[in-house]
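Asks: Turn these sequences into a full structure, and let the hints guide you.
Residues in the sequence shown are numbered from 3 upward in steps of one, following my numbering.
No wet-lab data here; the hints were simulated from the structure. Note that the Cβ used here is the ideal one computed from N, Cα and C, for glycine as well. Check before you lean on any hint, since a few could be wrong.
[As the list claims (entries may be wrong)] Quick list of simulated restraints, FRET-style, between CB atoms:
hint, residue 1, residue 2, range
1, THR493, THR576, 45 to 51 Å
2, LYS608, GLU24, 52 to 58 Å
3, LYS431, SER519, 51 to 57 Å
4, THR322, SER208, 21 to 27 Å
5, VAL435, LEU482, 30 to 36 Å
6, ARG325, ASP503, 29 to 35 Å
7, LYS608, ASP320, 36 to 42 Å
8, ILE611, ARG325, 35 to 41 Å
9, SER438, LEU482, 28 to 34 Å
[As the list claims (entries may be wrong)] Simulated pairs of lysine to aspartate or glutamate, EDC-like, Cα-Cα distance not exceeding 20 Å:
hint, residue 1, residue 2
10, LYS274, ASP320
11, LYS143, ASP68
12, LYS608, GLU444
13, LYS137, GLU112
14, LYS164, ASP151
15, LYS249, ASP174
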Amino acid sequence: MGKIRLLDESTIQMIAAGEIIERPASVVKELVENSLDANSTNITVEIANGGKDYIRVTDDGDGLLDEDIDLAFKRHSTSKIYKADDLYNILSFGFRGEALASISTVSRLEVLTKTKNSVSGTQVFVEEGSIIQKKPIGCPKGTTMIVRDLFYNVPVRKKFLKSDKTEANHIDDILYKLALGNSHISFKYIKDNTVVFKTSRNHISSNIYTLLGKDLYNNLLKIEHITDRFKISGYVSNNTFYRGNRKHQYLYVNKRYVNNKDISNLIENKYKSLIPINRYPIFILFIDIDPSLIDVNIHPTKQEVKFMNHQEILDALDSTLSRILTKNLYIQKVAFSHQQPKDQKDSLPHLYEENAINKDHNNSNLYNLPRIDRKINKENTIIEDHSLKGFLAFDNENIEFEEKELVKEEVAYEDKDNIKDDRFLQNVKIIGVLFSTYILMEDLTSSKLLIMDQHAAHERIMYEKYKREYEAENVAIQTLLTPEVIELTSTELEFVIENIDLLKNLGFIVEEFGQKSIVIRGVPILFGKPQVKTFFLELIDSLKSNINSSYEIKIDKIMKIACTNAIKSGDKITDLEIQSLIAQLKNSKNPYTCPHGRPTVIEISKKDIEKEFKRIM
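Replies: The following block contains the structure:
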């Protein structure tokens with residue numbers, strides 16, 4: 003007798019249910035999405051004990067017709083599609099006809115439902131996928147689904163559920179995503195008899211304030227890009243507000259929450275030099291697109307989509323972010339501990355992300371990107387070494403060039419209602435240097451103490467100078483008196499040879515030297531006298547690790563590596579060098595952060611200082 007057997011229907015249903023319903027959060031997601039597809043305007047979700055024992059989802063949607071109830075709990079029965087071609091024009095959240103069948107297979111399910119034109123409603127009890135009782139009942143229009151004893155008949159699955167708190171957290175996450183993405187619906191969420199949140203049918207900005215809190219809301223920038231094929235809209239955080247993880251990154255395609263690595267990576271790369279390393283921007287992004295241009299049927303949870311016009315969307319998002327972020331760069335403000343705002347009761351666990359300056363400081367918008375009005379002409383000078391005098395020489399080399407570039411950028415991006423402030427570092431008095439690292443200045447215009455990190459500021463200046471030279475295909479090169487021979491593996495050697503033109507554009511003169519070696523005969527002047535071998539190997543590793551990234555991203559990473567030759571913390575610099583540093587920083591395209599995202603300047607207001615000395619209360 004053969005070993006292969008056909009599974010019985012009960013086992014088949016149990017296996018299928020296990021794929022769809024992983025935990026209580028899966029139940030909540032499927033039921034709420036059904037409510038959304040039923041044209042509901044109000045949805046209430048109630049859970050107890052992390053959803054293990056009790057889940058109730060109530061809506062005021064279309065309800066179920068009596069003749070549809072018997073089919074609703076059978077696998078692959080749905081009102082969303084009727085034929086295969088419908089898969090390419092999906093606007094509903096559900097379409098596979100598996101959710102109710104799966105939920106009813108692994109729980110005790112009670113349903114109360116009534117349509118608009120029905121005289122009475124219907125109450126149904128379902129267990130293990132079969133209706134065990136059905137009767138008329140008085141109830142309002144819409145549907146209520148009550149799920150009890152989840153996985154009561156699958157003890158192994160129930161055993162592997164986490165604590166009530168953990169399972170409830172997963173439900174929290176699902177509901178925040180659904181509520182944010184559907185601002186036209188009023189959501190109410192009750193957990194263990196406590197109202198967690200309630201949204202109104204309002205603009206998305208109102209939901210952001212309610213769900214994510216005041217601090218985050220006040221640090222968002224609106225974005226929008228409209229074409230005849232799609233629309234991109236939503237909000238991104240400014241450069242002073244970020245998180246230590248990707249938890250607050252929300253992407254919706256036709257109101258469906260999805261994951262898309264290409265879009266997430268593009269957004270994060272836009273912030274690489276604006277926020278600190280290992281910190282992540284916040285975004286709530288909506289893409290509205292013709293459903294025939296996307297495929298949502300590629301993942302069991304429908305959280306991944308494919309775009310037919312993928313690159314077109316990425317390009318549009320890239321240009322939109324560049325425009326918005328260029329116009330909205332802010333200096334970081336320090337506030338003392340007793341001035342912290344109280345937590346918002348209606349927000350998620352506190353969203354304020356402390357940064358590297360002070361655990362007690364707060365963020366505030368001060369200046370927009372400054373306009374450049376001064377013009378300075380100096381003859382070109384070549385740096386021979388990494389002394390501070392050399393630093394001064396290249397400082398003066400290109401101020402006129404930099405100013406012209408900034409003015410061009412500004413004209414391209416400027417809006418009439420967002421005029422850029424040109425006060426940044428324009429009227430300051432140098433007070434001194436603290437710890438041979440921090441330059442102290444008094445802002446005579448706004449009565450503030452400004453503190454500049456000399457290393458971060460010099461990194462920004464060097465980064466922008468190198469980037470300008472590269473984009474102009476005019477990187478100044480110094481010939482090494484003693485060429486550097488570097489032995490490589492065969493893979494590394496092949497990689498270098500393939501990218502020899504790129505390396506030349508970056509300012510490196512490289513030639514083959516034997517079977518496993520190269521010789522470096524020239525490096526960018528801007529680098530001074532770096533440890534050529536160490537730097538070049540790191541550069542190769544950076545290129546290789548980003549080989550699948552866009553060309554621009556690879557170049558950007560290399561330029562950040564190049565900044566390791568900047569003035570260090572503890573280096574003593576003269577008054578003239580300090581003045582040069584300030585002059586160049588204020589003329590930078592982004593003077594507020596170093597290429598790695600750390601702030602170059604922070605501020606403390608006179609008012610805050612006087613409060614600390616109890617001069618004012």
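Asks: Need the list of violated hint numbers for this structure, in ascending order.
Replies: Failing hints: none at all.
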